[in-house]
Amino acid sequence: MLNLYADRGNVQTLLRRCEWRGLHAHVTPVRRHDEVRLRDYHLVLIGGGSDREQALVAEALRRRRREWKAAVEDGLPVLAVCGGYQLLGEYYQLPDGTKVPGLELLDLVTTAGRPRLIGNIAIESPEVGTVVGFENHGGRTVHRHAPLGTVLRGHGNNGRDGYEGVRYRNVVGTYIHGPLLPKNPRLADFLLSLAAAYAGVAVDFPPLDDELEWAAHRAFLTRHAGVRGPR
Amino acid sequence: MRLTGRRATSFPGLVALRLSPSLLGRLGRQLKKCIVVTGTNGKTTASRLLAAILAAQDPQEPPDAWIHNAEGANLAQGVVSALLEHTDWRGRLQWTRAVLEIDEATLPRVAHDLPVQWVVVTNVFRDQLDRYGELDTTVRKILEGIRDMQATVLLNADDPLSRYIGLTAGRPAVYYGMERGMAKPPERETMRDGTLCLRCGRPLRYEGFFYGQLGVYECPACGFARPSPDFMGEYDGASLRVTGGGAPARFQLPVRGVFNAYNALAAIAMARLQGVPDSAVEEALRRYRGPLGRMQVYGTDPASVLNLVKNPAGCDTVLETLCGEDVDKVLCIAINDLAADGRDVSWLWDADFERIPERGRAVLCVTTGLRAEDMALRLKYAGYPTGRLEVVPDPDAALDRSLEAARAHGVPVVHVLATYTALYPMAEALRRRAAAAEPAPARAAREGERP
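Respectively, the protein sequence lines represent chains U and S.
Here my numbering is used: the first residue of the first sequence is 573, the next is one more, and so on.
Here my numbering is used: the first residue of the second sequence is 3, the next is one more, and so on.
Looking at chain U on its own, in the form it has when it is part of the complex (with noise of 0.2 angstroms):
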């Protein structure tokens, strides 16, 4: 249900980077009330969503709460986009004071704001290079553990403290969508090759033909977080 903004575009990312490389992987999309055994996966996508749909899906997660966090203690990789990313954390405090409840994975909260926090972002992060892509979220979040990256241009996990996104064990939490894969191969393969590790099979990750991607990469970084182009 959260895979509004191009998530799609994560998964396929995904999905051809295992096949030229002549790896098996198979998809299971996840409706609201399907029962879902996390030990059955390997890698898990949580996407974005409108307020209402996010508000539906934490509601049904939730009821699975302790095996969520048993699987992430355990190592579950986990990609976690905008929506999905707040999702699990403690809360996201909506304008009015509700607070709706998260599944609780991390030490993490967030807060509607305005104004929407909406434009084209990089960051630096230690374990994978530049990120790129674009965020348009309401919610400020702030957490206790590592962040994905810096933020070189953009506003971030709140536009206040410079960082964005969240690393811990082997879940990657972030606001940055565009989507976000396929820009930036390391992170993809990053991803893939922890889940290898953790579904127990030995493979390495021959490098890929990345022209196409790295041009893209190059082009964003080039007109956005460098010096502000003419416009």
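Be aware that one or more of the hints could be misleading.
[As the list claims (entries may be wrong)] Distance ranges between label pairs, derived from CB positions:
{"id": "1", "chain 1": "S", "residue 1": "Gly326", "chain 2": "U", "residue 2": "Pro779", "range": "37 to 47 angstroms"}
{"id": "2", "chain 1": "S", "residue 1": "Cys202", "chain 2": "U", "residue 2": "Gly691", "range": "30 to 40 angstroms"}
{"id": "3", "chain 1": "U", "residue 1": "Gly594", "chain 2": "S", "residue 2": "Gln254", "range": "51 to 61 angstroms"}
{"id": "4", "chain 1": "U", "residue 1": "Thr600", "chain 2": "S", "residue 2": "Glu360", "range": "22 to 32 angstroms"}
{"id": "5", "chain 1": "S", "residue 1": "Arg173", "chain 2": "U", "residue 2": "Trp786", "range": "45 to 55 angstroms"}
{"id": "6", "chain 1": "S", "residue 1": "Pro205", "chain 2": "U", "residue 2": "Pro667", "range": "27 to 37 angstroms"}
If you're looking for bench data, these hints aren't it; they were derived computationally from the structure.
We treat Cβ as the ideally placed atom computed from N, Cα and C, and that holds for glycine.
Got chain U; can you put chain S on it based on the hints?
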């Protein structure tokens, strides 16, 4: 100000609005008849068709006797521009009837200033999310606007989001929709907005789809369902049979594709509600010329077809139409990310570009514009071979490359897809190349006709 040409459609209004914020109200109050067309996709085509039909009612009147904001100038400034164009020096409107295309986010802001009697909602699709926030906002904006009007609403029965508006707006509602026999089962799991019931949050069950999220739907949990349309359309690829509000009649359409059949159905339904005879409808459809970027054909060498793409649903219908043509082709796709395009290009990943490698018969894809690389990447992950993919960021050079490759491969057509700010430059470039490709005697003869 007119000297700056057709691209300045919103400019006079912007200046006037800055000087006098109450101008829209002062001009708007003078209208005796006001029909508004809003929704995500198709409002330009639907409102233009409707304006043409209404103007054809009385051949004695000049064609601009109905005020209409042409060319998608659909924000507050655009509406003021259209009204100002028909105002004399004392500030009085020369004509007092209007068909106005209004952007869905602008609707609540102008609702108080216009005496709207009828509102047409074409559909509610995902569109430029970074401008409006999220999808639910679009539904809310339209609802807000309609609640502030004393109007009757004409809605798309096949769109669950429009149906929700009809049920909750508290205004009288009339529905149009397609014959359920036309609905087909989905080809592939694509992203469809509004697949959850807006009333209770459960997934909607679909008997079949017309396109995008439009189909025959119901919510198994709360009984929310597609209403039986008051105006029913049956489209066969060229003509539309309309039942309801008069004797059943078949109309030849000047526009192609199911999405345009919906636009025509909305316009014809509204025309019938206004008591326009079928003969005037037929006459207007015969003389109609489409707005820019809706399947225009240019006489370049070889021929090219220009289409606007701006969101997944609209883009899918374009892709469906061009992939349905069983000939080899070259594609030239121009993607910009300026404010009018939407800064966020993630929508490219929700559009079904997989159709191109599957059955598009594209011998070459040239990507161009400010986001040429993003577009190329999208095609790569859709499964299109990178060996037949070229990134040419300069639009003029990209067009030349596309035409040249088409000639070299003996391919009969170049399909040009462009986002909003890439559309005018592309149209101009195509027009120049078409003029250059025209044989000299034909050009001389044509120019000789003009004084």
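Verification of the supplied hints:
1. S:Gly326 / U:Pro779: 37 to 47 angstroms: The hint (37 to 47 angstroms, Cβ to Cβ) holds, given that Gly326 of chain S and Pro779 of chain U are roughly 39 angstroms apart.
2. S:Cys202 / U:Gly691: 30 to 40 angstroms: At 35 angstroms between Cβs, range holds.
3. U:Gly594 / S:Gln254: 51 to 61 angstroms: About 54 angstroms separates the Cβ atoms of Gly594 of chain U and Gln254 of chain S, which means 51 to 61 angstroms holds.
4. U:Thr600 / S:Glu360: 22 to 32 angstroms: Because 23 angstroms falls inside the window, the suggested range holds.
5. S:Arg173 / U:Trp786: 45 to 55 angstroms: The hinted range 45 to 55 angstroms holds for Arg173 of chain S and Trp786 of chain U, with Cβ atoms some 53 angstroms apart.
6. S:Pro205 / U:Pro667: 27 to 37 angstroms: 28 angstroms, holds
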